[in-house]
Amino acid sequence: MLSMSDAPRPSARPPRVELVCPAGGPPALRAAVDNGADAVYIGFQNGLNARNFPGLNFTVKEAVAGVRYARERDARVFVALNVYPRPQQWRAATDAIDSVAAIGADALILADPGLMQYAAERHPGLRLHLSVQGSATNWRAIEFYAQRFGVRRAVLPRVLSLAQVQQVVARSSIEIEVFGFGSLCVMVEGRCALSSYVTGESPNTHGVCSPAHAVRWEETATGRQSRLNGVLIDRYGRDQPAGYPTLCKGRFRVNDHLFHALEEPTSLNVVDILPELVACGVRAIKIEGRQRSPAYVAQVTRAMRAALSACLADPKRYAPPAEVMAYLDRVAEGRTHTLGALHRPWQ
Amino acid sequence: MKLAVGPLLYFWERTAVLEFYERISDSPIDIVYLGETVCSKRRALRRRDWFNLAERLSKAGKEVVLSTLTLIEAESDLSYMGRTARESNWLLEANDLAVIAQLGGRPFVAGPHINVYNDATLALFARLGARRWVAPLELDLATLGNLQAARPVGVETEVYAYGRMPLAFSARCFAARAHNRPKDDCGFVCQQYPDGLTVYSQDNEPFLTINGIQTQSARVHNALAQVAALGRIGVDVLRLSPHSAQAVDFHQVIDAFRRVVDGEEASDVSVSSGPPTALPGGYCDGFLQGAPGMRSPSGG
Chain V
1 MLSMSDAPRP SARPPRVELV CPAGGPPALR AAVDNGADAV YIGFQNGLNA
51 RNFPGLNFTV KEAVAGVRYA RERDARVFVA LNVYPRPQQW RAATDAIDSV
101 AAIGADALIL ADPGLMQYAA ERHPGLRLHL SVQGSATNWR AIEFYAQRFG
151 VRRAVLPRVL SLAQVQQVVA RSSIEIEVFG FGSLCVMVEG RCALSSYVTG
201 ESPNTHGVCS PAHAVRWEET ATGRQSRLNG VLIDRYGRDQ PAGYPTLCKG
251 RFRVNDHLFH ALEEPTSLNV VDILPELVAC GVRAIKIEGR QRSPAYVAQV
301 TRAMRAALSA CLADPKRYAP PAEVMAYLDR VAEGRTHTLG ALHRPWQ
Chain W
1 MKLAVGPLLY FWERTAVLEF YERISDSPID IVYLGETVCS KRRALRRRDW
51 FNLAERLSKA GKEVVLSTLT LIEAESDLSY MGRTARESNW LLEANDLAVI
101 AQLGGRPFVA GPHINVYNDA TLALFARLGA RRWVAPLELD LATLGNLQAA
151 RPVGVETEVY AYGRMPLAFS ARCFAARAHN RPKDDCGFVC QQYPDGLTVY
201 SQDNEPFLTI NGIQTQSARV HNALAQVAAL GRIGVDVLRL SPHSAQAVDF
251 HQVIDAFRRV VDGEEASDVS VSSGPPTALP GGYCDGFLQG APGMRSPSGG
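Protein chains in written order, with our numbering: chain V, 1 to 347; chain W, 1 to 300.
It cannot be assumed that every hint is accurate.
[Said to hold, decoys possible] Restricting the straight-line Cα-Cα distance to at most 20 Å, the calculated cross-link-like pairs of lysine to any residue (SDA-like) are:
(1) W:Lys183 x V:Arg71
(2) W:Lys183 x V:Ala163
(3) W:Lys2 x W:Glu156
(4) W:Lys41 x V:Ser161
Quick caveat, the hints were computed from the structure, so don't treat them as lab data.
Isolated chain V (complex conformation) (with noise of 0.2 Å):
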């Protein structure tokens, strides 16, 4: 377990970077909120989010306890509605934004430009966030949803520089949220088919990459081997961690070098630039893993809230807490840390 000093508990008043925490269900989002989130985003069972796993989400009524137990506790619930949807979903769709609107989340979480229209013309006191799957990578972009739909907040693909991520929080109108720890997405999100490619269904359609029903795990002579439906991903010797067969993160042959051509299974962490993130004017750190367990939410939020909240007490003299790092590292993907795109050489 993780033995950090007593997380500070988020004020009233709304902090000056915000600490945005994942949750897949109601014990996670008390997990989150009971360990420091500041925000929780939250989706609803309707396959309209970008974690439509099973025995995942809320229902609307679990929603509206979240809300209620996260504003007893000064937190905020922002509520994800993130695929594009087709017209068979449309309706669906709409009727999600309208719930959201009724129970009063402080923020939907939107890409479609579509869904952001309706809901900029039906709830016009709603608070409008851009999804990462939104697919911004500019503050031209950004001012795009800004100046047609009021949106308040933009999430950033992790496709940018340190330097990028300076420039659009420099140019944008509107607050910027990163992302901190969690799964790498090593393609620009809201962009990218190739899980549909293999499986038929993508983050933008169904709202899953690699999903888990197309994966068969086959025991060899040598080990054990990873297949997305039907495509070897990866395969590991006897004693070798095997990790989810994520299609960009296996192993692959190129030109005759075995290597994982796109991505390494590792996870993004950005405690090490925190002081420049916060410096930058970003306005909320993001953790990935709504499908994640609520013990890992409580974790990953505490660490997370202990090395943000000593950057925000003393950002000169902050340096990455060597708990926090240690204990980041053993729950990462891959047991391993990177800044991705945010350090250039890694691109």
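Take the given structure of chain V and dock chain W to it, following the hints.
Quick look at chain W alone, frame taken from chain V:
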């Protein structure tokens, strides 16, 4: 139905590019998309060169559209795009919302990487000036039919009909990575691969294709057998994506689509009605069938 040549997705030598478009000017193609959509560092042709090509193709009777970069991150990407928009009289294809914002109401083509999945979004872009939209690659025929039924007046629909499919974009250059080079000193290794660099699974199945920061399918999408169905739902334009002579005789591809579009080959059309591809993955057309995109064409 009209036939379009999509933007050249690969980095070819300047002379190869000019020769390719020279032949296109004499081909039965209606629309030509020009410009670099993948990597801002690829400058074998400068802006002025693309404008000159546009003039030539226009004089040859082709409708010309200038395509713009898909992943716009740096200020320099924005200013290059902005200058192209200001200096060009050609219709622009937008693959990022920044372009639509920059154009401020001027007509444009919403490219395949502008996410249009429902009629509300299509109507929105139509109001903003979209003359044509290119359906996202993963849309199926049934959804396309739905969208066609509610399509705004004056907006044409284009479907990606031939070529390895651009499926994803990253900040990372996978071609440089495969050559153990940093992106900032990539040496333009992508120029060695006129149809991209095939990625194989460990059991030697062609899986994906590396094209700089873009990841493509290894298989070549081929909608030849679906042309009649696309015609029935009122699709206006079919996009054929350029490949080198090492991959396929592209003019045979154009001719095969032309024959089917013109009704000269009406019954029992399959991918074998056109030329085979020498690329290792063969053909696929799953997306249109509402299946995984990699699925092989039925009857192919």
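Hint-by-hint comparison with the structure:
Distance check on the hinted pair: lysine 183 of chain W and arginine 71 of chain V sit about 46 Å apart at the alpha-carbon level, beyond 20 Å; violated. Of the supplied pair hints, the one linking lysine 183 of chain W and alanine 163 of chain V holds, its CA atoms being roughly 16 Å apart against a limit of 20 Å. Our distance criterion of 20 Å between C-alpha atoms is met by lysine 2 of chain W and glutamate 156 of chain W, whose separation comes to about 11 Å. Note on lysine 41 of chain W and serine 161 of chain V: the hinted pairing holds, with a Cα-Cα distance of about 17 Å set against a maximum of 20 Å.
In summary, the one numbered hint that this structure violates is 1.
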